[in-house]
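Trainee: In terms of the numbering used here, the sequence shown has 619 at position 8, counting the first letter as 1, and numbering is strictly consecutive.
Incorrect hints may have been included.
Restraint-style ranges between C-beta atoms, simulated for each label pair [as the list claims (entries may be wrong)]:
hint : residue 1 : residue 2 : range
1    : Pro704    : Gln639    : 18 to 28 Å
2    : Gly757    : Met622    : 10 to 20 Å
3    : Val693    : Thr784    : 28 to 38 Å
4    : Thr697    : Phe627    : 30 to 40 Å
5    : Ser758    : Pro629    : 42 to 52 Å
6    : Leu651    : Gly757    : 24 to 34 Å
Think of the hints as simulated: they come from the structure by calculation, not from any bench.
These numbers were taken from a predicted model, which means no experiment stands behind them.
Glycine is no exception: its CB is placed at the ideal position from the N, C-alpha and C atoms.
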Amino acid sequence: MSAPYVGEIRMFGGNFSPAGWMFCDGAQVPISNFETLFQLIGTTYGGDGQTTFNLPDLRGRVPVHMGNLSGTSFLIGELAGVETVTLNTNQIPTHSHALIAATGTSLASPVGNFPGPASSTSGGVAYGPGPINTTLAPSTIMPTGGSQPHDNRQPYLGINFIISLFGIFPSPT
Numbered sequence: 612m613s614a615p616y617v618g619e620i621r622m623f624g625g626n627f628s629p630a631g632w633m634f635c636d637g638a639q640v641p642i643s644n645f646e647t648l649f650q651l652i653g654t655t656y657g658g659d660g661q662t663t664f665n666l667p668d669l670r671g672r673v674p675v676h677m678g679n680l681s682g683t684s685f686l687i688g689e690l691a692g693v694e695t696v697t698l699n700t701n702q703i704p705t706h707s708h709a710l711i712a713a714t715g716t717s718l719a720s721p722v723g724n725f726p727g728p729a730s731s732t733s734g735g736v737a738y739g740p741g742p743i744n745t746t747l748a749p750s751t752i753m754p755t756g757g758s759q760p761h762d763n764r765q766p767y768l769g770i771n772f773i774i775s776l777f778g779i780f781p782s783p784t
């Protein structure tokens, strides 16, 4: 394998970081030990810039190339995105919920204001008993759901990202 550039990031399938490399886990490291790497990345990923700087932290993150794409700007070192999302009403497609009453039950007078079978021999479905303006149980006609966030991650495979501490100093083109 060719010599790496200082600051080069690679995926690595091992459960350790090879000599001359460290995990991209946001570790704070002393500038005095890795001056060349500090010249390249500075405090982009954290640190005080006097005695320490941080390595990139790719734990639980998907790397995205910096730059502009379709009006979206990605800055080097920028953290964005969320793991879970709670949808709002305006994010759900327009739809309706059917009001369905059960037939074939033995309860001719439903309790709790749920629809049930009519007491007549017609086999119809009634909302009774009660006055004409009986309020149905909210769970039969009202919105439902717990407004709980749901997972928002694409399928993934856990793998280590490592950064080269030493190597060839990259020259800009």
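Trainee: Has the hinted range 42 to 52 Å been met by the Cβ atoms of serine 758 and proline 629?
Mentor: holds, 46 Å
Trainee: Starting from the hint 24 to 34 Å, judge whether the C-beta atoms of leucine 651 and glycine 757 obey it.
Mentor: Given about 47 Å between the Cβ atoms, the range is violated.
Trainee: Is the gap between the beta carbons of threonine 697 and phenylalanine 627 within 30 to 40 Å?
Mentor: holds, 39 Å
Trainee: Given a hint of 10 to 20 Å, does the C-beta separation of glycine 757 and methionine 622 actually sit inside it?
Mentor: violated, 38 Å
Trainee: Please test the hint of 28 to 38 Å on the beta carbon pair from valine 693 and threonine 784.
Mentor: holds, 36 Å
Trainee: Evaluate the given range 18 to 28 Å for the C-beta pair formed by proline 704 and glutamine 639.
Mentor: With Cβ atoms ~46 Å apart, the hint is violated.
The structure does not agree with the numbered hints 1, 2 and 6 stated previously, though it agrees with the rest.
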